[in-house]
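Below, each chain spelled out in residue letters.
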Amino acid sequence: MITKKDLEHIGWLARLELSDDEKEKYTPKLNSVLDYFNELDEVDTEGVEPTYHVLQLYNVFRDDEPGIGSITQEEALSNAPKKQDEFFKAPRMM
Amino acid sequence: MYENRDGIMIGLEVHVQLNRLKTKVFCGCTTDYHNDPPNSHVCPVCLGLPGALPVINKKAVEAAIKVGLALNCRVEEHTQFYRKNYYYPDLPKGFQITQYDFPISSGGYIIIEGEDGEHRVGITRAHMEEDPGRLVHEGTIDKSKYTLIDYNRSGMALLEIVSDPDMRSPKEARRYLDKLRNIVEYLDIFDGDLEGALRVDANISIMGGQRAEIKNISSHKGAEKALLFEIVRQKNVIRRGGIVVQETRHFDEAREITLSMRSKEEAHDYRYFPEPDLVPLKISGWAPAIKATLPELPDARRMRFVEEYGITDDHARALTSELKLAIFYEDVAEKADPRTAAVWVCDVLKGELNYRDMTIEAFKKEHMLSIIELLVSKKITEDGAVEIIRALLDKGGSPEEIVKEKSLLKVEGDIVSIAAAEAIKENPGAVADYNSGKEKALNSLVGAVMKKTKGRADARTAREILLGKLR
Chain A
1 MITKKDLEHI GWLARLELSD DEKEKYTPKL NSVLDYFNEL DEVDTEGVEP
51 TYHVLQLYNV FRDDEPGIGS ITQEEALSNA PKKQDEFFKA PRMM
Chain B
1001 MYENRDGIMI GLEVHVQLNR LKTKVFCGCT TDYHNDPPNS HVCPVCLGLP
1051 GALPVINKKA VEAAIKVGLA LNCRVEEHTQ FYRKNYYYPD LPKGFQITQY
1101 DFPISSGGYI IIEGEDGEHR VGITRAHMEE DPGRLVHEGT IDKSKYTLID
1151 YNRSGMALLE IVSDPDMRSP KEARRYLDKL RNIVEYLDIF DGDLEGALRV
1201 DANISIMGGQ RAEIKNISSH KGAEKALLFE IVRQKNVIRR GGIVVQETRH
1251 FDEAREITLS MRSKEEAHDY RYFPEPDLVP LKISGWAPAI KATLPELPDA
1301 RRMRFVEEYG ITDDHARALT SELKLAIFYE DVAEKADPRT AAVWVCDVLK
1351 GELNYRDMTI EAFKKEHMLS IIELLVSKKI TEDGAVEIIR ALLDKGGSPE
1401 EIVKEKSLLK VEGDIVSIAA AEAIKENPGA VADYNSGKEK ALNSLVGAVM
1451 KKTKGRADAR TAREILLGKL R
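If you're matching them up, the sequences are chains A and B in order. Numbered according to the working numbering, the first sequence terminates at residue 94, and the numbering increases by one at each position without gaps. Numbered according to the working numbering, the second sequence terminates at residue 1471, and the numbering increases by one at each position without gaps.
Heads up, some of the hints might be wrong.
[To be verified] Here are the simulated lysine-lysine pairs, DSBU-like style, with alpha carbons at most 30 Å apart:
1) 1350/B - 83/A
2) 4/A - 1440/B
3) 23/A - 1084/B
[Unchecked claim] Here's a subset of chain B near chain A, in silico, CB distances under 10 Å, partners left out:
4) 1037
5) 1094
6) 1363
The hints are simulated quantities; they were obtained by calculation from the structure and are not laboratory data. Cβ coordinates follow ideal geometry from the N, Cα and C atoms, glycine included.
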């Protein structure tokens, strides 16, 4: 059962600022999602290998060869909302 | 038995950058960025741009298996990647691709020089992950208003090696780090001279209390200092009747203290889930073939040095403690007397290098061979050889030039002989003492010969010549 407090915590982890209205609205919505998933608990999975990945595929590799896909510094910085000199710039976080 | 009176338990998490690879772990960007401008070796994958897809570097997986095997770990049957979610500017995607409950290898150990002889430190696991970008703070970390980010390092292949809490003192922690670094250097997957190549987080608890995790340790010496501080801090908390709380602390290298970093409401909540963009790996079958190609590791090399070159275990240990030093020694020992080479490389050269904060690369092995040749052929004295080594490190040049410049050539036998005859003539008292059985009187005669030859005679030769004349 997700409480309003849980919702605030999830919001904080995703760096989303939620208004009181939104909190009232989303708490029951998230609970209905959880209830839906709870139905899965009723399936008998005894002896079934966990699904680690939806593709039945293993061992996909790349060779250690440089030069594919790299972009220039100018291109890299072109979408940055804030930059300084040759760096991306972000607010201080602690 | 070592008595661990404060119940100190230290476990280390060491991040080793697999920087000998040509490309990053999930993209084709080059790892050779250290001398280039920031953000010049990046792509949509390591910048975390929408829609970009990671593909794992096969050589990185092989390197990780190599390390696992060298640490006596088992290579797991099934291994896969997870997303570790957190918001921090060093990770543009909002998560780090790492491993969680299926690491590539686990359950190993290494043997270190412990407080009471050989000590076994368990390796919980070694798992693969991507390196975050590099943050540059204007001013100090607790004062700067914003952060500048360079993503050249973002996506470098890292191996996080997690130890069991088996170390019982800061000294053992440092020994463990030395040994681990030594092993990964031998494996040729890691260059320790590059900036940020090896980074350490330390977990420490005392007297069965909660543990503190110390971050931002950048050197082996730093680890020892941070742990020493942390022991004192935790002891003080307990002495004042307090309780040590589990928390993350930041090591301030300049002040040699640790500072609390995160408050409670920011407790870790990484919400790990399987990385859907990377399929799982089944690679334990590679282990036997990779094991067969493992190079000789430090302990094996140490034992071989003792057997093959007849040198002491102490010399062998010191010489194999750094790969470059071991190679230097072997190259010299192939062409000169191995025991003489061990003494001069290990006891003399290494000491002079440490004193100057220099590495073995500052010295040419040809020069060491020349010096040993001059010594063995008795052309210079041992003091003269030390002087040559010092001059080579301080001013450069060649041993031959320095011998000439400083007139270090040992004086010839007949000159020593003349000096000995003079010394006997001029010191009848000492001669009489010697003849009456006071063997120590010979020392003053040797001293007189050395004085006459301005120290360029070999003391042992002078002694022999004097004995011959006094018989």
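For this session: Give me the numbers of the hints this structure contradicts, sorted from smallest to largest.
Result: Numbers 1, 2 and 6 - these are the hints that the structure violates, sorted from lowest upward.
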